[in-house]
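Participant: In case you want the letters, here they are:
There are 6 protein chains.
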Amino acid sequence: MDLTEATWTDVSELETDLAVLPVGSTEQHGPHAPLGTDVLTARAVADAGVERVDREVVRAPAIPVGIAEEHRQFPGTMWVSPETFRRYVRESIESLAYHGFDRVVVVNGHGGNVDALREVGGRLSRDGTAYAVPFTWFEAVGDHSAEMGHGGPLETALVRHCEPDLVREDRIDEAKAGAADGWGEWVSHANLAYDSAEFTENGVVGDPSDGTERRGEELLELAGDALARLLEAVAERNVPRPDDR
Amino acid sequence: MDLTEATWTDVSELETDLAVLPVGSTEQHGPHAPLGTDVLTARAVADAGVERVDREVVRAPAIPVGIAEEHRQFPGTMWVSPETFRRYVRESIESLAYHGFDRVVVVNGHGGNVDALREVGGRLSRDGTAYAVPFTWFEAVGDHSAEMGHGGPLETALVRHCEPDLVREDRIDEAKAGAADGWGEWVSHANLAYDSAEFTENGVVGDPSDGTERRGEELLELAGDALARLLEAVAERNVPRPDDR
Amino acid sequence: MDLTEATWTDVSELETDLAVLPVGSTEQHGPHAPLGTDVLTARAVADAGVERVDREVVRAPAIPVGIAEEHRQFPGTMWVSPETFRRYVRESIESLAYHGFDRVVVVNGHGGNVDALREVGGRLSRDGTAYAVPFTWFEAVGDHSAEMGHGGPLETALVRHCEPDLVREDRIDEAKAGAADGWGEWVSHANLAYDSAEFTENGVVGDPSDGTERRGEELLELAGDALARLLEAVAERNVPRPDDR
Amino acid sequence: MDLTEATWTDVSELETDLAVLPVGSTEQHGPHAPLGTDVLTARAVADAGVERVDREVVRAPAIPVGIAEEHRQFPGTMWVSPETFRRYVRESIESLAYHGFDRVVVVNGHGGNVDALREVGGRLSRDGTAYAVPFTWFEAVGDHSAEMGHGGPLETALVRHCEPDLVREDRIDEAKAGAADGWGEWVSHANLAYDSAEFTENGVVGDPSDGTERRGEELLELAGDALARLLEAVAERNVPRPDDR
Amino acid sequence: MDLTEATWTDVSELETDLAVLPVGSTEQHGPHAPLGTDVLTARAVADAGVERVDREVVRAPAIPVGIAEEHRQFPGTMWVSPETFRRYVRESIESLAYHGFDRVVVVNGHGGNVDALREVGGRLSRDGTAYAVPFTWFEAVGDHSAEMGHGGPLETALVRHCEPDLVREDRIDEAKAGAADGWGEWVSHANLAYDSAEFTENGVVGDPSDGTERRGEELLELAGDALARLLEAVAERNVPRPDDR
Amino acid sequence: MDLTEATWTDVSELETDLAVLPVGSTEQHGPHAPLGTDVLTARAVADAGVERVDREVVRAPAIPVGIAEEHRQFPGTMWVSPETFRRYVRESIESLAYHGFDRVVVVNGHGGNVDALREVGGRLSRDGTAYAVPFTWFEAVGDHSAEMGHGGPLETALVRHCEPDLVREDRIDEAKAGAADGWGEWVSHANLAYDSAEFTENGVVGDPSDGTERRGEELLELAGDALARLLEAVAERNVPRPDDR
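Protein chains in written order, with our numbering: chain A, 1 to 245; chain B, 1 to 245; chain C, 1 to 245; chain D, 1 to 245; chain E, 1 to 245; chain F, 1 to 245.
Hints were generated in silico from the structure; no laboratory data involved.
Keep in mind the model is a prediction, meaning the values are calculated, not measured.
Keep in mind that a hint or two might mislead.
If several chains are the same, the list does not tell them apart, and a pair holds so long as it fits within one copy or across any two.
[Unchecked claim] Only pairs whose alpha carbons sit at most 20 angstroms apart, straight line, appear in this in silico SDA-like list of lysine to any residue: (1) LYS176 / PHE199; (2) LYS176 / ARG237; (3) LYS176 / ASP165; (4) LYS176 / HIS189; (5) LYS176 / SER209; (6) LYS176 / ARG123; (7) LYS176 / ALA228; (8) LYS176 / THR16; (9) LYS176 / PRO164; (10) LYS176 / ARG118.
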């Protein structure tokens, strides 16, 4: 049930403790993909996952601004500090838990949010407020995951599939030309770079021309299936903390 | 230019310092109107205002969860604390200002956000980070404003106009029956109530049957015009702080 | 019972849960009225209200520095940030509640404190720590309220009545000459100004010559009566939060 | 110049950078002395010090609630957390410094505030915002200081001198009977007690009958002289931080 | 130069901007390895790395308590919140940077600290306060890294090499018997567990009997070499942020 | 039992609620004594105290960075803000208390930490989380305490005794020559100085040549005995808060 469209009387009739909270970012995705890519994809995957489970699931509205200061050199990128993001997500989940929706999968579309969501999930789960588990879709699409990049094959494919008008087809070559091969600058497994502008000229990592609409369809299916499995697991999980040794 | 749909290269070509940031709330609006009413209306008004000015305006994505603990007794209502909301809005605006969009009108659809937005605007404007002014649409629709309520004539009308499918027409009578006449319980101009459930049975204040689609159309026009005037004023405003006396 | 003058043994014999906390500001009030106007008036109104109820009421000391950055361009104005003010007031009330004085009316003399006090009252009341309601005297003086201004007819009148020596009678004409007609600069019901120096030359809004001592006497009576009614209502209020719907 | 009574135009004519900020506490002082003892004495000493210097000094209003949780077992005691107190004092001083009054002596009447004021003074002074030095009057009254106690000879004497009506003469014997000899319970120079109720039955430490009005007069003179010397030193101090070694 | 042992006059003669800050955790490492494992190993690796570079490097003292609430079910485990840890590390680095040691490698021995250190490094580096890069030794030991576990082959080996007396050889079998095969409980690439007690009986992950002293020697060499390469890279890095696009 | 060296299984067999937490600072101690003086001495005293009691005591690792901004003008001095230090110490103690070690003596080697530790101890003790009492060794060494200074006779003596190699004997004359006689610059019992560089040329206060190894031995004995007495008192203390009056 989509909270944005439902009334409170609709919600009061639900018999579930399961919810999804899509979380994205409004940030550069190269010259060809929209700034809203991470929100659009998180929302699409959340819907795909919810459709695939035979349970009632509350679907909260997508949070549009995340941890993205690393892209600040590219115009239009929005961000909040990690601490503010953690607070905003945590309290949003607490309000869901207040109504009994206290098993929450946070469906995430942005790499920069991953650490913060894990921290929030741990806090809520250990305190017993809610059992909250983050799910970042591009980590759960099988072999595709290895090619993630940024505004690269995976994200381009999924946007092409979900919101075809938002991919600028005439800029794909340009996007590819200015792209980096990989994320970061690594020495001894430490990333020397903090900002994406340190290693990518136009904000792209990976080859967007490898991101066909067909591939996007497959990604949505894989991610939707993975999310559905996770929703089942979260619904069935024994959540109280283990005994002290 | 809608940031969600634009690319960073599109944004980099803009020659403006003007932005709008829609801000709403996901909260009960009676048995007939959607929980997302305040987001939907803020977004609609923001678009209507932007259309009416002959300037480029950046349109940020709408922030969906606001200060709404006062409605927590009604299922599905989401909220964050005032401090977290202020931080989230302030830092979102700071990120817009980083790119030069440092004259920002926050287009608000929720009464509970008003005080916080004024505080944020003051902080940013006094620090010189951005000149940010909140605009709450239902305060700027002429004589209609006096009938605001909650899920009442104005909001019902505007949702009917913008998203007709989201008003449950078959529950209007029920909505009206359980509605309160006014907001709060007042003694000596102090409101004794902190939660809407203290004075309204079903979350409604005012008569939603007075909110025709026709009226919604008029409200959008009035609010759009008012916002356009404000955008002009904000664009032209002399923003440095006055001299010390 | 005035806490400043009482001993703890006096307080321990009280059988009441009712308290008042005066809250003001030390800030410019034009060339004719003292910086302490908002403290002096809050204190006077608190006393007038307490006198008029047939209950024991604890009277806490007045908090002298509030949210007044908006007047910073005028020498001598003191202020703290909204967050610090909220913390200071909230914790002061919590300490009263610790002793059982957990129905508290905050008697306020400064417009800039209004939003913060409402936020504090909501937090305490929802948490069940104390039922705290702010009362801003100049909102509760009948038709006079419409003429509030700043250092204008109402405040000048009340100071003239309570502390006649503190009004500089020889500067009333000067005060009037440099005064603004209204508070703020408004477009589409949004206030474009954040600092009072943006719209008033000498810090005054309204005509102080309309503030006779006689009027001050009447204001004190009206405000005292209004506060007494509120104290009764707060004492009798059913404070537990309403049931979830 | 007393800020509470002055107008901003009076303040704007001052040619000084020197200010005093009295800081007290509203807390138990035994069955015989008022809860406001620490505010009343801080204010009296501040005035006595200001009188004794041949410089213009801004006198801010007294802050009435301090760090006094240690007395919470005694009804009527008010307190805020150390962090909130530090913020409130620091920002109050920052507002004075904004107007150029950036050499500030904080005149303190309460032992529980001492550590916090030193921390605040260090922060402001190192940041170059203001040079702020706390002065606790009962540490600066020569041999008397050794007999400080709580509601004991010194405070009783000073209140008797400044506000004779506020000492309950008929309870002095009772106060003495229930008093502790010393502050705290010490083992190896560590105080095992955190609350005064751990070691004093009625909140008194020391013998209030040793606190004659005559002694109070002497204390005020000693403290006023000491403060005057400190004001001179603060006015003349070279405040920039020393060079790095 | 070891800061703990150096004098300030020694430090003042250094001509370097390079420092290492070892960071560990005091937490369970099974029945056979000491609670201080992560501190001891971080310190050993830091020293090994510093030895291998031909530059002066300041070596700060090791921070002993980290983010380890995930092990709280095992007695003796200490932890602070992520926010407190971030503050403590960030401000420690800021103090190093104050003296000109503003290229800092944080040598980390604990998985739970990784996300926080990256966040701290980003903040400092973007603000230009210091260029700080975290290095987690067990991520940089070639193929060994895949077998990390917890109190498993790698940590056991390194402690055996550095502090042989601290490994309880007579409990290795017990440690192995109660160990888990892998870290966490995974569904769709999301870890369902937040506490290690959810998946390991005795706190061990991996087989400690695979952690010979010989292997420990090799690990120290690999980690030391990797750290030396990173120190070189950090020393040579062009640290100003890239230009806005 | 030393937590750093123990395993969790060792700790789980303890039957005690008593712990010590050494706390120091890494800061200048003149040209002759190491920056780690306060950590080394806190650790030595903690061990000496624990040895002298016939109880099991948990010994936590020493916290190496404290509140020492006052020495920042001397290279190599590290520090964190008071608030961060308080959080780090408080949460470290909370983690000990989680396992039942909720009577904690904080063994402190640095004057700048004293106020903060008292604040932390009060908070924990009043909340009932842990009964925590700070012990600063140089306050508890009889008549020696009067000669404390900084890098002066006491600290030099104790380091000479515990870590003789770390005292630069060839710089004692230099240390003495640049030393101050006393700590601070006092007027009316207020310290005008915030930084040690305001009153000492080389960071030393007091005469280090008065700090023989023999004296160090005596200091350790005195401090160890004093700590042992305190540990007994803390173990036996009735910790619930006293009744409200």
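Participant: Now, for every hint given, state plainly whether the structure supports it.
Facilitator: So, going through the hints one by one against the coordinates:
1. LYS176 / PHE199: within (14 angstroms within a copy, 44 angstroms between copies)
2. LYS176 / ARG237: Result: close neither inside a copy nor across copies, 43 angstroms intra and 27 angstroms inter.
3. LYS176 / ASP165: Classified as within: same-chain Cα gap 19 angstroms, cross-chain 42 angstroms, threshold 20 angstroms.
4. LYS176 / HIS189: Classified as neither; 26 angstroms inside a copy, 29 angstroms across copies.
5. LYS176 / SER209: Within. Shortest intra-copy distance 7 angstroms satisfies the 20 angstroms Cα cut-off; inter-copy 49 angstroms does not.
6. LYS176 / ARG123: Result: close neither inside a copy nor across copies, 41 angstroms intra and 30 angstroms inter.
7. LYS176 / ALA228: For LYS176 and ALA228, the Cα distance exceeds 20 angstroms both inside one copy (33 angstroms) and across copies (35 angstroms).
8. LYS176 / THR16: neither (45 angstroms within a copy, 29 angstroms between copies)
9. LYS176 / PRO164: So LYS176 and PRO164 pass the 20 angstroms test inside one copy only (18 angstroms; across, 43 angstroms).
10. LYS176 / ARG118: The answer is neither: 32 angstroms in one copy and 29 angstroms across copies each exceed 20 angstroms.
The earlier numbered hints that this structure contradicts are 2, 4, 6, 7, 8 and 10.
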